[in-house]
Amino acid sequence: MFLLQSPVRLLPEQASTISGEVDALYFYLWGVSAVMTLLVAIVAAFFVIKYRRRAPDEIPRQIAGSMKLETLWSVIPFIIMLTFFGWGLKLYFTMYRMPKDAMEISVVGKQWMWKFQHPTGQREINELHVPIGQKIKLIMTTEDVIHALSIPDFRIKSDVVPGRYTAIWFEATKTGRYHLFCTEYCGTNHSGMGGFVEVMERNEYEAWLSGNLNAVSPIVAGEGHFNSLGCVSCHSAGGAGGRCPTLAGIFGKQQPLADGGNVTVDEAYIRESILNPSAKIVAGYSNIMPTYQGQVSEEQLLQLVSYIKSLSPAASNGIQTTAPARENNPSTGVASPSGQGTTNPDSLRSNPLAPTNPNAEAGRGAGSTRANDAASPGSSRPNSSSSGGNQPRRENQ
Amino acid sequence: MATQTLNHADAHHDAAHDEEHHPGLAHHFDNMEQQRDSGTLGMWVFLVTEIMFFGGMFLAYMLFRASNPNEFAAGSYQLDVLLGGINTAVLIGSSLTMALAVFFAQTGNKSLLVLFLLATILLGFVFLGIKAVEYGTKFSHGTIPGRNFKVEHKKMEEYEEHHHGDAAANVDPARLQMFFVIYFMLTGVHALHMIIGIGVMSVLVFFALRNRYSPEYHSHIELAGLYWHFVDIVWIFLFPLLYLIGRH
Amino acid sequence: MSSINSPFDKPFEQPVDSPGGRMRPVPAERNYLNADYSVRSWLLTKDHKRIALLYLFSVSFFFFIGSIYAMLIRLELLTPKGDLVQAATYNKLFTHHGIIMIFLFLIPSIPAILGNFLVPLMIGAKDLAFPKINLLSWYLYMIGAVIVSSAIMIGGVDTGWYFYVPYSSNFSNTYVTLAGLGIFVLGFSSILTGLNFIVTTHTMRAPGMTWFRLPLFIWSHYATSLIMLLGTPVIAITLLLLVFERTFHVGIFDPTIGGDPVLFQHLFWFYSHPAVYIMLLPGMAIISEIIATFSRKNIFGYKFVAFSSIAIAVFGFLVWGHHLFSSSQSVFAGMIFSFISFAVAVPSAIKVFNWTATLFRGSISYDTPMLYALGYIGLFAIGGLTGLFLASLGMDVHLTDTYFVVAHFHYVMVGGTLLAYLGGIHYWWPKITGRLYPEGWGRFSALIVFVGFNLTFFPQFLLGFLGMPRRYHAYPPEYQVLNVLSSAGASILAIGFTIPLIYLLWSLRYGPKATDDPWMATGLEWRTSSPPPTENFVETPIVTWEAYEFAPQETMKVVGKLTPDDKPDRSSYSGN
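Chains as they are written, first to last, in the working numbering: chain W, 59 to 455; chain B, 6 to 253; chain P, 79 to 654.
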């Protein structure tokens, strides 16, 4: 809160593990730029004054050029620039190579809000509460146009593209409230699409989590969709072979394809397999799966992905927090319109390897997600729940 | 070296003087050769921009065919390969008549020049007519990209029978649209080039009838020929890429 | 047969002794301006000089319209709250500012005005190779401008000048299709200009005007034309695909049918990054001419400067991906694009160093064009170096889509191209109009522009590093101080642009008559009268001297290997 009270700021807060190094590169770049600019400016100023015209008709002695100098001032700047390149590349790898032990928060952008869901199921809009000293990975997509999530004090940013998953990570090092912006122009209220990241001490975060109602973890919600959409009838989650490839233990692995290639099972591949099953068919299976394009929202997709990831405990990340999600809300599942699929998740999970997330048992399927959604201000807008770009157009041309 | 340049320049200039009264020589050129070189270079440069223009769409074609091979094959199967084949023949024929028109312009045979220009125009119209029939069929089946996109079921069943038992033959109808988006963009822009070509050719016929052209001065015809051949070549790429990939 | 044997001879005037000992010819009676006064003679002219003036009026008009949008933007940003205009209006303001300044001003400005006027004059031709196509390109410009203006007037566009899908294709309910078609037409105008320059440079050079005797202005315009020809068709087809998608509600950028919105960004930047060099290279062209003339030195390392233009044009096509470092592009692609982006900085650096070296032991005067050129070198250096911040991958992630980027490209586009344009207009004003502008006012306004510019855009670097995003209608209050500074600078900048408008118009009537070569420059354009006759030269010039040959070759100090083989007769040379 202190930050917002100060009227003038010239430098952003260093509030994440990478911000120090980004700033170091920034000042290095300014240092070199200042030296180069001053060098040119001082030399030019010196020449301009020293060799000013003294007689209207004077013709100076001509100089053709110098190979040595040309080489010198091509090669030296290039070498300096290679340091910019190398350092920038190293930072880039740090920023976009996802840590294994991160807590995953799913992010869905839509005009003009950010929706977050914590691994324990808590949802937030335009506010993100995170614990200090914990690596946090944001898995992001959008329901409508391209957005970009930027937290300047953490020095991170990534576009959020319809039809794709993008990810960034950070680890906050300082408690406080930091700006969260959308930095890719997304329409009328673009500058209003933002909010704050609240970095809290661990125990405060836990307290905050437990104070939040209606939380169903994305894994449980995903399992609910898995049942209600009928995926379970074919992809038996337990690993007993059906007509379709089993989903247990596949995440992060290489999967042989019918056309001879291989694919690494990641978030994007799971998403593609739901929306466009014929794109990459696993070797030994035929293409009998219908597309679920238009039947699942981006948030439901993210929950399905979480669920399928949870079936591969070796590869799934350390997303458990010790905070208990709300368990005392049994009525939501029953009230849900898609409640027919909400059988007890335990009965379906015959895979002994499946993680026993303490929160997973508590949920009652997709229904609570829906109910929660309806409460959010976002769903009051029409078209918001359909995925992709098929919204009715509002053009008057 | 300087003296050589000077001599050369003098020769250049004298040559210009001899030809100065040719009615086709624009005021700012020194001689006919310079004028012809400029025109030819200009047309080639223009064709390079055309390659870039079509290049963007060919790039899109490559990307999306790579990611949706089944849908592209199925989409291709729905095109009428017979009509496409006839059109290919028509266009190759029009390239021949165009080349003959250029030849008769060079030899100064006015009546044959006009005849072959007219033949080229006629073949151009035949091409567009056949194209219109193909478009019409697609319209009547509703195979037009957009919210009301419909798959032509008869063709789809035929295609699936053709690939009986092939796991890869399951086609996502939403993605089938991508093929037709690219089909209509590519053939539409190509047809637009044909229409422009026919317009240019009509003007040339008009000029030829008014005796504008002679063996010394006929670069308009040559340039129009370059353009026409280019449009043909684009079709030579389009035909197999759009019509033939579903038939193996 | 020709009487022009050296740059110091005047072909068709009776010489009059001037105090400086230089030949000062009496202007020719007939020139391109007074050849015919009818409106028809202007609207149907095939004279490249008159077409250049048509462009001058129309392009300057749109520059002032674009500037008004800029002022409104800066006015809105004075306060953190969006209180002057509504968010939807603000989005239209910056979109219109971008579209007008880029497509209607920056891209055509230098090539279509000064390039059109000077390319034939500098190579000793009577006109461009295709005068009718040249006129057609102006009409296409006007048609495109009318379409874009009508889109703006009936409701405007709010997508940003870069029309990113899916916002532009499926969400915006403004006049995107109309604006897209307008830009499509403007693209053809640009293609035809580039085509004309390429062919003219190849086939219309005067006898003796070899490639390495060409002024660097021509080299830069040749490189610019290459970009116009190879890049513009790609934006044309991209916009056509966008229009298709808006019309049919489905298209290749639509993810629901397997399309890819990021493909649009690739196609768009494949043109639009090289387009930056369409705006930049002609500015460099002008700076080379001005630096040489006002220090009376041949450009240091002529061939390096010449080839650096071509190198920029070629490399410029390989770096578009650096606009997508944070757009879910693969890390590997980012690495390649970052590396090439650094490589493209080398030829730009070569130019800056060679210009500076040209000043060494020169005879430097402080005329208005030179002040602009010196300002250009400084501002372009900052603009170029801050570009390296953005080419550096890890740094770009923080800075992209913030005001840092806004500041960077305004340093390059305004501090670079616009200053060069103003310098060029002043430099060739005597040739174009036959009149001299008031020198004192010229220097004064150059100073005002320089100060105003830095005050406007330097604070934006700081804002960007703080994290203020671009295209924000309202912003957090802690960014206000820097925004106020920037808006204050913008008003000074506006004054700096208004002063030249007034005195240049004034000089048309009251300015002293210019001599053929008021600066003692070397280019062929100064070897004809001011203003030039319709045919440019009474006789086709024959070139026997090198570019920027202020003194005979024998006296040239040779440091490198740039000695020309031939030693032309310098008997007519009368300098010291």
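Please note that the accuracy of each hint is not assured.
Stated by the list, open to error - Partner residues aside, some chain P positions facing chain B, computed with beta carbon under 8 Å:
1) V321
2) F322
3) R324
4) L345
5) P554
6) I580
7) Y581
No wet-lab data here; the hints were simulated from the structure. Glycine included, each C-beta is placed from N, C-alpha and C at the ideal position.
Restraint check, 8 Å cut-off on beta carbons, for R324/P near chain B:
11 Å, violated
Chain B contact restraint for Y581/P - C-beta distance below 8 Å:
At 34 Å from the nearest chain B Cβ, Y581/P fails the 8 Å test, so the hint is violated.
Is the interface hint satisfied for P554/P? The criterion is a beta-carbon contact with chain B at less than 8 Å.
40 Å, violated
Minimum Cβ distance from F322/P to chain B below 8 Å?
The hint holds - F322/P has a Cβ within 8 Å of chain B, the shortest such distance being about 6 Å.
Just to be careful: measuring from the Cβ of I580/P to every Cβ in chain B, is the smallest value less than 8 Å?
Nearest chain B Cβ about 36 Å off; hint violated.
Holds or violated: L345/P as interface residue toward chain B, Cβ cutoff 8 Å?
Status holds, d = 6 Å.
Quick check on V321/P please, does its C-beta sit within 8 Å of some C-beta on chain B?
The hint is violated - V321/P has no Cβ within 8 Å of chain B, the shortest such distance being about 10 Å.
In this structure, the earlier hints numbered 1, 3, 5, 6 and 7 are contradicted, and the remaining ones agree with it.
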